[in-house]
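One line per chain: the protein sequences are A and B, in this order. Sequential numbering of the first sequence, starting at 2, is according to our numbering. Sequential numbering of the second sequence, starting at 989, is according to our numbering.
Any given hint could be a false lead.
[Said to hold, decoys possible] The calculated DMTMM-like cross-link candidates involving lysine to aspartate or glutamate, where the alpha carbons are at most 20 Å apart (straight line), are:
hint, chain 1, residue 1, chain 2, residue 2
1, B, K1362, B, E1415
2, B, K1249, B, D1289
3, B, K1374, A, D14
4, B, K1374, B, D1318
5, B, K1320, A, E65
6, B, K1249, B, E1203
7, A, K262, B, E1377
8, A, K262, A, D14
9, B, K1374, B, E1395
10, B, K1249, B, E1454
11, B, K1362, B, E1422
12, A, K262, B, E1372
In case anyone wonders, no lab produced these hints; they're calculated from the structure.
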Amino acid sequence: MTLTATRTRWLQDNGVYVAVVALLLFNALFTANFLSVGNFRTQLIQAAPVLIVALGMALVIGTEGVDLSVGAVMALAAAIIPLYLGAGPLPAILMALTVGLVAGAFNGFLIAKVGIQPIVATLALLVGGRGLALVIADGQLVQLHDPAFLALGTDDLLGVPTSVLTAGLLALTVAALTNRTTFGRQLVAIGGNRRAATLAGLPVNRVLVGVYTICGVLAAVSGVLATSRLAASDPADMGLLMELSAITAVVVGGTPLTGGKVRVLGTVMGVVLMQLVRATLIKHNLPDSIAQMIQAAIIVAAVYVARERR
Amino acid sequence: MPTDPVIEVRNVTKTFAGVRALDDVDFTLNRGEIHALVGENGAGKSTLIKVLTGIHSPDVGRISRNGRISTIYQEVNLVPLMSVAANLFLGREPRNRFGLIDRVRRDAEAAELLTSYGITADVRSPLGTLAVGEQQMVALARAVAADAEVVIMDEPTSSLEPREVETLLEVVHKLHEAGIAIIYVSHRMDELYRICDTVTVLRDGRNVHNGPLKELPRIELVSLMLGRSVNEIQKHGTTAFGEDHHADAQPVLEALDLTSKPRINGINVAIRPGEVVGLAGLLGSGRTETAKAIIGALPLDRGTVLVAGKPVPHNVKAATKAGISMLAEDRKTEGIIPNLSVRENIVLAALPRLSRFGVTSRIRQDRIVDTFVKRLRIKVSSPEQKVAELSGGNQQKVLLARWLCTEPRILLLDEPTRGIDVGAKAEVQALIDELAREGLAVLLISSELDELLDGADRLVVLRDGEVAGELEEAQLTREHVLTAIAAEVMDDADSH
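So here's chain A without its partners, still in its complex pose (with noise of 0.2 Å):
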């Protein structure tokens, strides 16, 4: 009984470790031309702007809230890119990443002060932004051509992929964030027991404003790298589902829906690992149908195994 309550923490807490190595060790044998450097560049440019999104995701998830708006911020981000671009790269992601700034706090603002369920506030905004991008754009796609914006999708930094760079020190600061800071600190005791961290005095308020503010200005950097990388604004299409991918990756993860804990790493290694399916899947020349199912299998896993919580 015990022994099965210890494997099954065990379990909870390295599983998305274990089958990321699992699936590494199953291409490198079975997949031809896995372990090649453009390989892995490719699977970690796709898997960056999931990352930066889920990364907001989980301290979301941590407060036991959820954002469901991030791909629709992604889609606004898109949109403003083109109008700014004339003025140069720089006031272009600047605007982008003030509208998600201002979506966030106004997820923040809905959920904490209004009261609102975050599935709600979030899903309003899920709607009516995507609706306020294509109002933007005009509905149309639109070819961006600024070479240096274009640059952040295409160069490197350091060797490694802007895109994939940016994501990597984004991940350390959320960590930074959520195990240093008291900022984060509160977060998850406010995730963990909102009325205990309320009776404790904690600014619960304005920890949940500032938790959707940051989800927000991620879901509008990952758009904004997205974007560039298209080397097209289009609002239609950018971030679609990309609620969903993101929640998968923090859940897979080790991250409990039920609030009270963030697991940084762990929501690295669930984009990782859902990165790893997808390509597998792929290079073995299975339908695109068959992958969501596989997917699918995976997450009624990791609840599964997470179910035994408490």
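Place chain B on chain A using the hints.
Same frame as chain A, but now just chain B:
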């Protein structure tokens, strides 16, 4: 009346996570009687009811039931969005010849049933649109219509208006006349003495009294509920807090006219540095609400809290900043953060002060945690152990440490020794003593009379959300306190 038991419970023991919720309890309910079940919070009433209704099975002992049991909880557990009639017949609706629900007949029968209880409500309107009292009546009617022979009513009048209480008691009387046995859980003395035949008093999971209610004076009943648990409480005479110690000091905390209707009304409390003021009263008298009002966690209709003469804005953050700390009654839901370690639980409230520019300092945390773990003798394998794995007593010490880290001037303690074992209890009590001696102002809420008598310098007695009396050190005797709580002598004096 010849004994004809519908429910018989013998030697039942039920343990939850090492805590004995019921300890060798006997309980007999005879056909047609109204049986009062009383006891303070945590005495085991709810557990006994759950054992009776079969939700929990006892670890030891046996139960025989000779009738259908129906339970009516304080919060009505019917479907608010469905119609009154649908609720009344939920699960046993009259059918027409196609096997479908015969709505016409159902509504007619429902109307007839309600009228017989003197309730005039449209049976087709959703239950949720009725007043709470009426909903409770519907629940009662449903129980009777389902041919229940035993009805358990758990605090049925706690959220009712006086007029609704009258109607409810009449219905209870009708049920009684129809030969239905009733278990009536309530803290309202007037109601109990009006309708109940017999009484069972539970305390700390034990059955401490059984017998006819009428022969038991009120003061005796209150005394049985609050109890004397000799040897359990470490005797530390109140003499340690000499009057000269603080008699002329200015109060550090003054709560003026705290009102949050209908829970508390015009409560005044003042505490001087180094003083332990006890808040006495039965469950529901407004003790916890008073503490929550002081810390700013209960919305107020009116009232002010002054710390060292300065008004404090009415919110928890401001109160904490002004030096008020509150140890909540319910450790699990309002105290510990279960996922986090002992260290993180301790530093939670003081975190900003232990950090620099928002970055936490592990060294400072470890230092302060180490100090408190030693000082409060918290038994942990390491400060990194999860707080959920600790015993109740140690969790309570962790929470005390959390507040002491913030260097408070005023400590509000709501049932600080509830649900913790005897040894830890004495330690926590000694600690409260020590803290007061160091100059903290303490508000002590306890259901245990002895804890209040031994621990407090002064008592404020609450009854029905109002201050029923204040007892200075010289008056701190069992009889005075019980009298103030039960209000018997005063009421008698008024009426004669």
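Hint by hint, here is what the structure shows:
1. Simply put, B/K1362 and B/E1415 have alpha-carbon atoms about 13 Å apart, close enough for the 20 Å limit, and the pair holds.
2. Of the supplied pair hints, the one linking B/K1249 and B/D1289 holds, its CA atoms being roughly 7 Å apart against a limit of 20 Å.
3. Proposed proximity of B/K1374 and A/D14 is supported: the alpha carbons are some 15 Å apart, at most 20 Å.
4. Proximity of B/K1374 to B/D1318 is assessed by CA-CA distance (about 18 Å); at most 20 Å being required, the pair is judged to hold.
5. Taken as a hint, the B/K1320 and A/E65 pair is honoured in the structure, with Cα atoms around 17 Å apart against an allowance of 20 Å.
6. For the given pair, B/K1249 sits about 35 Å from B/E1203 by alpha-carbon distance, which is inconsistent with the 20 Å threshold.
7. Under the criterion of a C-alpha separation no larger than 20 Å, the hint pairing A/K262 with B/E1377 is consistent with the structure, at around 17 Å.
8. Among the hinted pairs, A/K262 with A/D14 is consistent with the structure: their alpha-carbon atoms are about 12 Å apart, no more than 20 Å.
9. Only pairs whose Cα atoms come within 20 Å are accepted, and B/K1374 paired with B/E1395 is rejected, the gap being roughly 24 Å.
10. Under the criterion of a C-alpha separation no larger than 20 Å, the hint pairing B/K1249 with B/E1454 is consistent with the structure, at around 11 Å.
11. Simply put, B/K1362 and B/E1422 have alpha-carbon atoms about 15 Å apart, close enough for the 20 Å limit, and the pair holds.
12. For the proposed pair A/K262 and B/E1372, the alpha carbon gap of about 15 Å is at most 20 Å, so the pair holds.
Hint compliance for this structure: hints 6, 9 are not met, and every other hint is.
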